Amino acid sequence: MNFSKLWGIITTFSNVLFCFAHQAMFELVTSEASYYKSLEILETHFLRNPRLINTLSQSDTHFLFSNIEEVMEASERFLMDLEHRIEEAILISDVCDIVFHHAEKHFKVFITYVINQVYQEKTYRRILEENQAFRETMAELEKHSCVRGLSFTSFLILPFQRITRLKLLVQNILKTAEEHSERETNAIKAHQQLEQIVQECNEGVRKMSRTEELISIEKTLEFKTKVKESVPIISHSRWLLKKGEVQLMCGPKSTKTMRSRKLHQPICLFLFNNLLLITKRSGDKFQVLDSCTRAMLRTEDLEDQGQQLAFVFNLKMLENQEDRTVIYMIKASSMSDKLRWICALTPNRQKLRMFACSDSPQVQCIQSYTAQESDEISIEMADVLNLLERTKDGWMMGERLHDGEKGWFPSRVVEEIHSKEVRAQNLREAYRVQQAHDSGGASSFFKNKSKGWNRICAHPSRLLTSQAERRSQ
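Residue numbering for the sequence shown is -21 to -1, 1 to 452, as defined by mature numbering (1 follows the signal peptide of the UniProt record, and there is no 0).
Where hints are given, some of them may not hold.
Unchecked claim - The list that follows gives simulated cross-link-like pairs (lysine-lysine, DSS-like), each with its CA atoms no further than 27 angstroms apart:
(1) 264 <-> 198
(2) 84 <-> 154
(3) 259 <-> 295
(4) 101 <-> 221
(5) 168 <-> 222
(6) 203 <-> 264
(7) 146 <-> 16
(8) 203 <-> 221
Keep in mind that the hints were calculated from the coordinates and are not lab data. Please read these numbers as outputs of a predicted model, since none were measured by experiment.
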């Protein structure tokens, strides 16, 4: 189908708003076609390549490609229905009813595929290291012109990228739909169904990663025999929040200068969502010195008293593994490190966010950042966050408006929003989106009905999937 020619017909007979609505629907169709072509490359150039498959065992082939054939079948049926809708009439009536039907009936295969990506990545790295024939064949295949310079792994992650992009495309359609119309109703249903699939994908991956992490941690811990029985590490309701080395301040409490002994010794804290372990490294192992449930922890920030007593705080266990109350003086490596530990150990020590208002500080991401530690947050360009904490050495803690996720990030990747009007508008939009998600109702939560919006028609060049976009997919 000649999508470019069809777009020209639409723009000839459309007014501005009509043009914008069809541009949003048309973009969903054309990008789906582009995505499916990329899946075909994965199948024909890699999965069906006899040279490559002959270098793999049956189990490795299964782990490497997972259920990609089921994903392709679901995507093919979806694309066929979209194309049939275009063939029915040049002016597309709706596509979100098709999206909802397929998301509800056929897109569960995406969840299975995405969850298996944890094993997929590990299998691929292992095969590259161990299998020379596979490594050499893969290098040749990645040089072929049909892959447009993309790596094999770029094709493997296509399904999850597509399901998240579909949600955004449906959201754009919802913005152009008339209130209380059938198109609006279909867009809301489709968006909710896609959101559910994305959440199940994320939760499945998160559970798999957390379980593997707990298994890995448990192998490195050394407990006292009696303690280990009472502190099981591996649990479906437990996951690691933060891990790191700090200094445990030593010496008799009566000696204020603490010069009678070595001032401090290195320890490693393992903070889980419901448990804290204080450990001491011994080679590749960690000896557990003490433990406490997270709910029984209290912290007290202490003022700096010279260089040796800088960045210190008290950690109080109301009831440790021996049912005693103990207090540890902890020294962090920096001011931000201290504050991050205090926030992680006792997150409810104060309400970081009461009711946000236009006077509450906000920041906007100007440079993408990928979280390096478990208490950090990955942010993308244009993300807006409520500012909850900031340190003098260049770190901030924020809450992203559109999903409520919290975490730390360097201050250099954001800029503060000084306009009170802009901050108020950001809060209103976040509130509307949250209300829509909670109620499953009004599409107005996704709409932007400003006068300027209604006067603008997107340029046709934005419609067709560009080469750069295909490469990013």
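Outcome of the hint check:
1. 264 <-> 198: Judged against 27 angstroms, a Cα distance of about 8 angstroms means the pair holds.
2. 84 <-> 154: 25 angstroms, holds
3. 259 <-> 295: 18 angstroms, holds
4. 101 <-> 221: The hint holds at about 23 angstroms.
5. 168 <-> 222: Since the Cα atoms of residue 168 and residue 222 sit roughly 41 angstroms apart, the hinted pair is violated (cutoff 27 angstroms).
6. 203 <-> 264: 13 angstroms, holds
7. 146 <-> 16: With a Cα-Cα distance of about 20 angstroms, the restraint between residue 146 and residue 16 holds, given a limit of 27 angstroms.
8. 203 <-> 221: Holds, at about 23 angstroms.
Violated hint for the displayed structure: number 5, the only one.
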